[in-house]
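So the sequence lines, in the order shown, correspond to chains A and B. Residue numbering for the first sequence is 294 to 408, as defined by the numbering used here. Residue numbering for the second sequence is 211 to 325, as defined by the numbering used here.
Just so you know, these hints were derived from the structure itself, not from any lab. Errors might be hidden in some of the hints.
Derived Cβ-Cβ restraints for the label pairs, each shown as a range [unchecked claim]:
no., chain 1, residue 1, chain 2, residue 2, range
1, B, His-220, A, Ser-321, 39 to 49 Å
2, B, Ser-269, A, Asp-319, 16 to 26 Å
3, A, Lys-309, B, Tyr-261, 44 to 54 Å
4, B, Lys-263, A, Gln-403, 33 to 43 Å
5, A, Phe-305, B, Ala-249, 33 to 43 Å
6, A, Ile-339, B, Arg-306, 12 to 22 Å
7, A, Ser-321, B, Glu-254, 35 to 45 Å
Below, in silico cross-link-like pairs of lysine-lysine (DSSO-like), each with a Cα-Cα straight-line distance of 27 Å or less [as the list claims (entries may be wrong)]:
no., chain 1, residue 1, chain 2, residue 2
8, B, Lys-228, A, Lys-296
9, A, Lys-296, B, Lys-246
10, B, Lys-228, B, Lys-246
11, A, Lys-366, A, Lys-296
12, A, Lys-366, B, Lys-250
13, B, Lys-232, B, Lys-251
Not close to chain A: a few residues of chain B, all C-beta gaps over 12 Å, as computed [said to hold, decoys possible]:
no., residue
14, Gly-224
15, His-236
16, Gly-238
17, Arg-273
18, Ser-282
19, Asn-285
20, His-287
21, Ala-290
22, Gln-292
In this text, all values refer to a predicted model and were calculated from it rather than measured experimentally. Every residue, glycine too, gets a C-beta built ideally from N, C-alpha and C.
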Amino acid sequence: AQKITQTQPGMFVQEKEAVTLDCTYDTSDQSYGLFWYKQPSSGEMIFLIYQGSYDEQNATEGRYSLNFQKARKSANLVISASQLGDSAMYFCAMREATSGSRLTFGEGTQLTVNP
Amino acid sequence: DTEVTQTPKHLVMGMTNKKSLKCEQHMGHRAMYWYKQKAKKPPELMFVYSYEKLSINESVPSRFSPECPNSSLLNLHLHALQPEDSALYLCASSQREGQLFYEQYFGPGTRLTVT
Numbered sequence: 294a295q296k297i298t299q300t301q302p303g304m305f306v307q308e309k310e311a312v313t314l315d316c317t318y319d320t321s322d323q324s325y326g327l328f329w330y331k332q333p334s335s336g337e338m339i340f341l342i343y344q345g346s347y348d349e350q351n352a353t354e355g356r357y358s359l360n361f362q363k364a365r366k367s368a369n370l371v372i373s374a375s376q377l378g379d380s381a382m383y384f385c386a387m388r389e390a391t392s393g394s395r396l397t398f399g400e401g402t403q404l405t406v407n408p
Numbered sequence: 211d212t213e214v215t216q217t218p219k220h221l222v223m224g225m226t227n228k229k230s231l232k233c234e235q236h237m238g239h240r241a242m243y244w245y246k247q248k249a250k251k252p253p254e255l256m257f258v259y260s261y262e263k264l265s266i267n268e269s270v271p272s273r274f275s276p277e278c279p280n281s282s283l284l285n286l287h288l289h290a291l292q293p294e295d296s297a298l299y300l301c302a303s304s305q306r307e308g309q310l311f312y313e314q315y316f317g318p319g320t321r322l323t324v325t
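Just chain B, with the same shape it has in the complex (with noise of 0.2 Å):
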């Protein structure tokens, strides 16, 4: 099974909402990722977690809030977004951090519009 599930698919939210975005994966990864995807740009890396804890924050807007509360669920909590932050939302996880050959296998994403 390599699969990574993301919830909700689509999310409409006004800028005075609190949202959260869900990630999870059962093939046993032990590293976590986050990433923004603007349309017909690459993924930007927004965070990175290593067995449960936050190894990298890619100078991330606090109104974006990442969680990791077990090693298969990764959630990115929202709050007061502004409109440039609608995108698609991927999460991706691999085996280990750092090991230049372990791919990432992403989920669907989550497209959120901001109001």
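Just chain A, with the same shape it has in the complex (with noise of 0.2 Å):
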């Protein structure tokens, strides 16, 4: 079974709307963390956003914020004024106490912003 699963291979947005993006994932242990990665066409692979298990809050990291509904296992990016430059493949990821370092990552949702 699939981890994680991101069921949006691509996006569309307008420059300036919000975009919400979606992750949904599998797991077993209390303990885990969420997170987000965006990949330009360039290849780096550059960290967003992270929510942990056991936070009650949700994460925001200025234009991203994470929304995070436990009891549906879901772990939403929302990305609010979209910018020419948010073009990128998104990966939703997650650890697992019980697997190290190991980072279980999404399929992936390309986001394309349009002018």
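Join these two chains into a complex; the hints should help.
So this is what it looks like as structure tokens:
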């Protein structure tokens, strides 16, 4: 079974609008961390935001926020006020307490921001 | 300074060649990682070094040989590769191995083509 599911292979958004990228996860661990990374066409993976399983507040970092719904096992990324430079592949990833250093990635969502 | 550097950026090698990929970080991180990423797929973990010792080898073929000479440097030695080994090779580092909340910082990657 997929541990991280990103159901949107591609998403389009108009510049200055908000967009939500979906991520659901599957784990039996009580302790886990969820990450979002951005990968532009240049290749570098850029860390965006982190949410711990015990964090009660949704994580926010500038224009990025994570909509964490633990009971639904979802960790959606919300990008507000989209910019052309936000066009990239976005990966959701999870680290489980029992898996040590291993980051399990989803298949990614290709976001395109239109002017 | 949150930079991980990788050299070379591009590498073309024949199946009989021996080459090395280099990764460097000066953030004082004690965990370093090698990932392989095929086009339009998520990164796949290959190796993890923790305090300069090999911690995880994800059953990688022996034609890939990692080395961690010191806490700042990580090498990946390549020998007798196959065309299917062509991919983007990403290096990453984190403060420590195994802690849920330590994000991994990625380098820009080396695009490897095996002819």
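- Does 44 to 54 Å hold as the CB distance between Lys-309(A) and Tyr-261(B), or does it fail? holds, 46 Å
- Holds or violated: is the Cβ of His-287(B) farther than 12 Å from all Cβ atoms of chain A? holds, 21 Å
- In terms of Cβ atoms, is chain A entirely out of 12 Å range of Gly-224(B)? Given a closest Cβ separation of 23 Å, the condition holds.
- Can the suggested window of 12 to 22 Å be confirmed for the beta-carbon pair Ile-339(A) and Arg-306(B)? holds, 21 Å
- Taking C-beta pairs only, is Ala-290(B) more than 12 Å away from all of chain A? Consistent with the label, Ala-290(B) stays out of reach of chain A, its closest Cβ about 25 Å off (over 12 Å).
- Distance restraint evaluation - Lys-263(B), Gln-403(A), Cβ atoms, bounds 33 to 43 Å: Since Lys-263(B) and Gln-403(A) have Cβ atoms about 37 Å apart, the given range 33 to 43 Å holds.
- Determine whether the Cβ-Cβ distance between Ser-321(A) and Glu-254(B) falls within the hinted range of 35 to 45 Å. violated, 23 Å
- Please test the hint of 33 to 43 Å on the beta carbon pair from Phe-305(A) and Ala-249(B). violated, 21 Å
- Compare the distance between the alpha carbons of Lys-366(A) and Lys-250(B) with 27 Å, and conclude whether the hinted pair is satisfied. holds, 25 Å
- Confirm or reject the statement that Gly-238(B) sits farther than 12 Å, beta carbon to beta carbon, from all of chain A. With a cut-off of 12 Å, Gly-238(B) remains clear of chain A, as the shortest Cβ separation is near 17 Å.
- Does Lys-228(B) pair with Lys-246(B) here, judged by a C-alpha cut-off of 27 Å? With a Cα-Cα distance of about 18 Å, the restraint between Lys-228(B) and Lys-246(B) holds, given a limit of 27 Å.
- Item | chain A versus Ser-282(B) - minimum CB to CB distance exceeding 12 Å, so not interface | Since the minimum Cβ distance to chain A is about 18 Å, Ser-282(B) lies beyond 12 Å and the statement holds.
Against the hints set out earlier in the document, violations occur for numbers 5, 7, 8.
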